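> Quick note: the sequence shown, position 73, residue 73 per the working numbering, numbers continuous.
Read the hints as simulated data drawn from the structure, not as lab findings. Given the structure is predicted, the values throughout are model-derived calculations rather than measurements. Fair warning: there could be bad hints in the mix.
Lysine-lysine pairs mimicking DSS-like chemistry, simulated, CA-CA at most 30 Å apart [as the list claims (entries may be wrong)]:
| hint | residue 1 | residue 2 |
| --- | --- | --- |
| 1 | K97 | K77 |
| 2 | K119 | K137 |
| 3 | K137 | K169 |
| 4 | K119 | K169 |
| 5 | K157 | K137 |
| 6 | K157 | K169 |
| 7 | K77 | K119 |
| 8 | K97 | K119 |
| 9 | K97 | K169 |
| 10 | K137 | K97 |
| 11 | K119 | K157 |
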Amino acid sequence: MCIFAAMNDNIFWTENVVLVDADYADSVVFNLIVNFERIIGRRIPQADMARWLDCLVLDGGVRQGEHTTSVVLIHDKDRQALNNFVPSHYEQELNGKAFSDHLGEFVLMALPVEQLTTKCDFMTEALQLACSRQEVKRVMVVADERHYAQVSSLLRKLDHDSPEQLDGKRITVFTMEPREGGCFRQEILGFSLMSALGIRGDEIHTS
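Please build the complete structure, drawing on both the sequences and the hints.
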């Protein structure tokens with residue numbers, strides 16, 4: 001079975017889809033913890049996964065209500081857990097789990113990258129598949145900054161060659177700093193992660 005078909009079978013497609021390079025997000029959180037502990041002078045706990053996802057989808061256009069959001073955590077096959085989030089273990093605590101709050105239900109899936117493909121190709125194929133699904137209305141992408149060019153290039157290609165796939169969909173790409181845009185929205189990833197880490201704005205401004 002090809003990777004594209006296998007991915008289609010393994011992902012639970014819903015109105016909202018979050019695609020995350022989990023290894024990249026974990027490394028960003030580590031850097032934030034190290035830098036802000038020095039800046040504000042206190043210990044910073046691990047990032048709260050549920051709080052982060054709430055902040056992320058709010059930035060992606062989801063509002064309070066009975067929504068369903070699929071969260072796809074893409075990770076290296078040899079990584080069993082995140083180092084800087086709670087909960088963290090992919091199979092024991094994240095894959096196949098769900099939680100509900102004022103933004104609806106979140107369904108989590110952890111997908112390892114097999115040797116047949118690369119992390120970048122896996123991410124762009126998942127993104128292309130999400131855009132092709134009629135039931136998907138919002139797609140939020142947290143990709144490694146090194147793969148931003150491929151992600152933006154794919155979205156521009158889809159907008160040019162298959163505009164019907166993107167019609168009515170809200171695509172949001174999260175980066176740590178503004179990048180060259182396209183037929184999608186951009187949001188700053190650091191804001192949602194700082195909230196998940198419990199870093200308050202007043203702490204930064206008074207430091």
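> Sort out whether K169 lies within 30 Å of K97, counting only the CA atoms.
Holds. K97 to K169 sits at ~26 Å (cutoff 30 Å).
> If you draw a straight line from the CA of K77 to the CA of K119, is it 30 Å or shorter?
holds (10 Å)
> Taken at face value, is the distance from the CA of K169 to the CA of K157 at most 30 Å?
holds (15 Å)
> K157 and K137 were given as a pair; does the straight-line alpha-carbon distance stay at or below 30 Å?
Distance of about 19 Å is within 30 Å: holds.
> For a C-alpha distance cap of 30 Å, please report whether K119 and K137 respect it.
holds (24 Å)
> Hinted pair, alpha-carbon criterion (30 Å max): K97, K119. Please report holds or violated.
With a Cα-Cα distance of about 23 Å, the restraint between K97 and K119 holds, given a limit of 30 Å.
> Assess, step by step, whether the Cα of K119 is no farther than 30 Å from the Cα of K157, and give holds or violated.
holds (20 Å)
> Take the C-alpha atoms of K119 and K169, compute the straight-line distance between them, and say whether it is at most 30 Å.
holds (24 Å)
> Given the hint that K137 pairs with K169, does the C-alpha gap stay at or below 30 Å?
holds (5 Å)
> When you check the alpha-carbon spacing of K137 and K97, does it fall within 30 Å?
holds (22 Å)
> Holds or violated: K97 with K77, Cα cutoff 30 Å?
The given pair, whose Cα atoms are some 19 Å apart, holds under the 30 Å limit.
Figure legend: structure checked against the earlier numbered hints; every hint is met.
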